[in-house]
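Peer 1: Using the sequences provided together with the hints, build the complete structure.
Take a look at the letters that make up each chain.
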Amino acid sequence: MGRFWHIIRRDLQMAMKQGMDSFMVVMFFVIAVVLFPLGAGPEANMLARISAGVIWVAALLASMLSLERLFQTDYEDGSLELLSLAPYPLEAVVLAKVCAHWLTTGLPLIAAAPLLAVLLNMQTEGFVILAAALALGTLSLSLIGAVGAALILGSRRGGVLLSLLILPLYIPVLIFGVSAVDAAIGGFPMKAQFLILGGFFLAALPLCPWASAAALRQALE
Amino acid sequence: MLHRFANPARFMRLSGVLLPWMAGAAIILVAAGLYMGLFVAPADFQQGESVRIMYVHVPNAWMALFSYTAMAVASAVALIWKHPLADLAAKSSAPIGACFTFLALLTGSLWGKPMWGAFWVWDARLTSMLVLFFLYLGYLALYNAFDDPTRGARAAAILALVGFVNVPIIKFSVDWWNTLHQPASVIKMGGPSIDSTMLWPLLLMAIGFNFLYFWVLLLRMRGEIHANKIRMIRLRQVHG
Chain A
1 MGRFWHIIRR
11 DLQMAMKQGM
21 DSFMVVMFFV
31 IAVVLFPLGA
41 GPEANMLARI
51 SAGVIWVAAL
61 LASMLSLERL
71 FQTDYEDGSL
81 ELLSLAPYPL
91 EAVVLAKVCA
101 HWLTTGLPLI
111 AAAPLLAVLL
121 NMQTEGFVIL
131 AAALALGTLS
141 LSLIGAVGAA
151 LILGSRRGGV
161 LLSLLILPLY
171 IPVLIFGVSA
181 VDAAIGGFPM
191 KAQFLILGGF
201 FLAALPLCPW
211 ASAAALRQAL
221 E
Chain B
222 MLHRFANPAR
232 FMRLSGVLLP
242 WMAGAAIILV
252 AAGLYMGLFV
262 APADFQQGES
272 VRIMYVHVPN
282 AWMALFSYTA
292 MAVASAVALI
302 WKHPLADLAA
312 KSSAPIGACF
322 TFLALLTGSL
332 WGKPMWGAFW
342 VWDARLTSML
352 VLFFLYLGYL
362 ALYNAFDDPT
372 RGARAAAILA
382 LVGFVNVPII
392 KFSVDWWNTL
402 HQPASVIKMG
412 GPSIDSTMLW
422 PLLLMAIGFN
432 FLYFWVLLLR
442 MRGEIHANKI
452 RMIRLRQVHG
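Residue numbers (the working numbering), protein chains in the order written: chain A, 1 to 221; chain B, 222 to 461.
To be clear, the hints were calculated from the coordinates, so they are not data collected in a lab.
Among the clues, some could well be false.
To be verified - Which residues of chain A face chain B? A partial, calculated answer using Cβ under 7 angstroms:
1. Val147
2. Leu151
3. Ser155
4. Arg156
5. Leu161
6. Leu164
7. Pro168
8. Ile171
9. Leu174
10. Ala211
11. Ala214
12. Ala215
13. Gln218
As the list claims (entries may be wrong) - Per the computed footprint, the stretches of chain B lying under chain A, defined by three or more beta-carbons under 8 angstroms from a beta-carbon of chain A, are:
14. 373–383
15. 422–433
16. 439–449
These numbers come from a predicted model, not from an experiment.
We put the beta carbon where it would ideally sit given N, CA and C, even for glycine.
Peer 2: Here it is as structure tokens:
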């Protein structure tokens, strides 16, 4: 367990030192959302209706931005190879790196989301649910994204390829995340959506580190 | 058993014998199925003549799932036992499956226009089929994204297994959600609920499409083996 925290702390420290990564992800998130009122027109009712979807789509794209670098830098400087040789399961290394990724990108997105909801004129009933659904959903996004990030190591055109691999797998999280917020705004029960989002998370929690570790092993061979 | 057929030389001999039979069976069955579906089977009392799109649409959709399942199984075999032929089978299956998926989506949207009044609706079955199409494209893109072809093969095999979660979702999407797409009427508990005059041409088409799949699969695998041989000969010329 100590080593698990150690890897998280190391990744967080590196993110702090580089500093700009989390900030740029949030900036991208904000700018992408701001484009919608400019593109689709500032009519308040229409913005309120699409607000949940717009924020979720922008969060999806933003959390994908930093994924490419999840294993890339460690792969290039050789530390990934050392981590894989350590007497410690590679799956746990992946899980620790996913936690660090979520802390540096998922968490800032959740913090920024209510502000954007205000800009898009979302009804206040949706705010808490939006944050809660994003919290549960972005965990799954980081886990699924790790598989893609591991698969593209050493390939040509990594970033574009990553979006092609990962976005289709993000769709279920998007559907139920948006549906939970819309249900909350409309005054409907939203337990089912949260149970499904939780189910995605619980399924991704063991499967994604396993698949990512398999992908990393074949990348390091 | 697996090892006996994993030998490329034996595979070339066997597939050479099988190819014409597969081709013949595919052509005869699809021709018979088309004739029965277009001329013999009755028009639907609700949908009229446009129900005949079903005889092309449903086999395409089945084969889209079948190809992905075959690709995932071949990928698992390739990852676990490292059979070179399994890699080739998975790689050759992907473009065929992508074509089946595209045709299922295309015929479905042509059928949807007269029935639902729209080429496309965002229900669970259609969306999950679209995701399947993207998965095929992602698989092919990943396969070809590496300079070292064996790296591409292994990365793509892992992706194929990850994407397999979508297959049961597609199959049961019409039962789990209230969708515009009609629920399963052939493969379900308690036997098919479709009339035998419509079931027979549908089954003929489905089996014909299956032979078509294996025919094209064997052709593609043989092509890959020949391409590998040519690459080897070229390499030897360069180094020799």
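Peer 1: Indicate, hint by hint, whether the structure satisfies it.
Peer 2: Hints and how they fare:
1. Checking valine 147 of chain A against chain B: minimum C-beta separation of about 6 angstroms stays under 7 angstroms; hint holds.
2. Using the Cβ-Cβ criterion of 7 angstroms, the hint placing leucine 151 of chain A at the interface with chain B is satisfied: the shortest such distance is roughly 5 angstroms.
3. For serine 155 of chain A, the suggested interface contact is upheld, since its CB lies about 4 angstroms from the closest CB of chain B, less than 7 angstroms.
4. The interface hint given for arginine 156 of chain A is met, as the beta carbon of that residue sits about 5 angstroms from the closest beta carbon of chain B, less than 7 angstroms.
5. Interface restraint check for leucine 161 of chain A: the shortest CB-CB distance to chain B comes to about 5 angstroms, inside 7 angstroms, so the restraint holds.
6. For the restraint placing leucine 164 of chain A at the interface with chain B, the shortest Cβ-Cβ distance is roughly 5 angstroms, inside the 7 angstroms limit, so the hint holds.
7. The restraint placing proline 168 of chain A at the interface with chain B holds, with a minimum CB-CB distance near 4 angstroms, inside the 7 angstroms limit.
8. Look at isoleucine 171 of chain A: its Cβ gets to within about 6 angstroms of chain B, closer than 7 angstroms, so that hint holds up.
9. Of the supplied interface hints, the one on leucine 174 of chain A is violated, with its beta-carbon coming no nearer than about 11 angstroms to a beta-carbon of chain B, more than 7 angstroms.
10. Restraint check, alanine 211 of chain A versus chain B: the minimum CB separation of about 5 angstroms is within 7 angstroms; hint holds.
11. Contact between alanine 214 of chain A and chain B, as hinted, is supported at the beta carbon level, the nearest pair being about 6 angstroms apart and thus within 7 angstroms.
12. Checking alanine 215 of chain A against chain B by beta carbon gives a least distance of about 5 angstroms; that is within 7 angstroms, so the hint holds.
13. The restraint placing glutamine 218 of chain A at the interface with chain B holds, with a minimum CB-CB distance near 4 angstroms, inside the 7 angstroms limit.
14. Using a Cβ-Cβ cut-off of 8 angstroms, 7 residues of the segment 373–383 of chain B lie near chain A, which meets the minimum of three, so the contact claim holds.
15. For the segment 422–433 of chain B, the assignment as covered by chain A is violated, since 0 residues bring a beta-carbon within under 8 angstroms of that chain's beta-carbons and 3 are needed.
16. Coverage of the segment 439–449 of chain B by chain A is violated in this model, with 0 residues showing a Cβ closer than 8 angstroms to a Cβ of that chain against a need of three.
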